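Quick mapping for you: the protein sequence lines, in order, are chains A and B.
Mapping to my numbering: the first sequence position 95 is 95, numbers consecutive.
Mapping to my numbering: the second sequence position 100 is 100, numbers consecutive.
Hints in this document: simulated from the structure, not taken from any laboratory.
Keep in mind that this is a model prediction, so the values were computed, not measured.
Don't be surprised by glycine CBs; every beta carbon is placed ideally from N, CA and C.
Check the hints yourself; a few may be wrong.
[Said to hold, decoys possible] Calculated pairs, PhoX-like style, for lysine-lysine (alpha carbon to alpha carbon, straight line, at most 20 Å):
| id | chain 1 | residue 1 | chain 2 | residue 2 |
| --- | --- | --- | --- | --- |
| 1 | A | 71 | A | 41 |
| 2 | B | 3 | A | 41 |
| 3 | B | 71 | B | 17 |
| 4 | A | 36 | B | 17 |
| 5 | B | 3 | A | 40 |
[As the list claims (entries may be wrong)] A short list of chain B residues far from chain A (calculated; beta carbon distances all over 12 Å):
| id | residue |
| --- | --- |
| 6 | 14 |
| 7 | 34 |
| 8 | 38 |
| 9 | 85 |
| 10 | 112 |
[Stated by the list, open to error] Now the stretches of chain B that chain A is said to cover, found in silico as 3 or more residues with beta-carbon under 8 Å:
| id | region |
| --- | --- |
| 11 | 18-26 |
| 12 | 100-107 |
One-letter residues, chain by chain:
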Amino acid sequence: DTAVSQTPKYLVTQMGNDKSIKCEQNLGHDTMYWYKQDSKKFLKIMFSYNNKELIINETVPNRFSPKSPDKAHLNLHINSLELGDSAVYFCASSQGRGLGGVEQFFGPGTRLTVL
Amino acid sequence: SQKIEQNSEALNIQEGKTATLTCNYTNYSPAYLQWYRQDPGRGPVFLLLIRENEKEKRKERLKVTFDTTLKQSLFHITASQPADSATYLCALVWNYGQNFVFGPGTRLSVLP
């Protein structure tokens, strides 16, 4: 059983398009995250949701909008894609309110390529 | 702002030796410091967590130390094996969990 799953695994699209990445966790965790890992391998937190409530919202363009329909899902919608959005996006989850005091479980990543 | 550095971008060691990776930070003392392993094409996997009031944590062949005076954490893998080859990331949490940052990682290669 996959603990944290993401779809799609690969996403190739043109500049200006709108796309979504889906994430689901079956661990019963309350907190979910989105991270971006760029070509230099820096892993940077973008958003964190606890029980559908946004608790971390780093400085990311407002073209990125997370949506949490329930605590097991956290989707990432990106409008008007730009070349610089090309990266690997990771979803993660953790127990309780998370925020570093507990381990995070990461999904396999979605490699987004904007042409 | 908080700056995190991990020792060389890449580290090569001989099988059986102890690998020592460093994580240095510049400003705020983190409440927690975590270490993760990342293999190519995969998500990070949690290894160990150490709190600011802890000096050392161990798990099997892994050991983490935390020195808030030096603003440094050391991550040791004893009796290293080729299967330990991966990128190792440290992550810091401070400001009551409102700030969470990963370091740039160190790519470890254990040579047979």
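Margin query: Output the indices of the hints that this structure fails to meet, ascending.
Written below: 1, 3, 4, 7, 8 and 11
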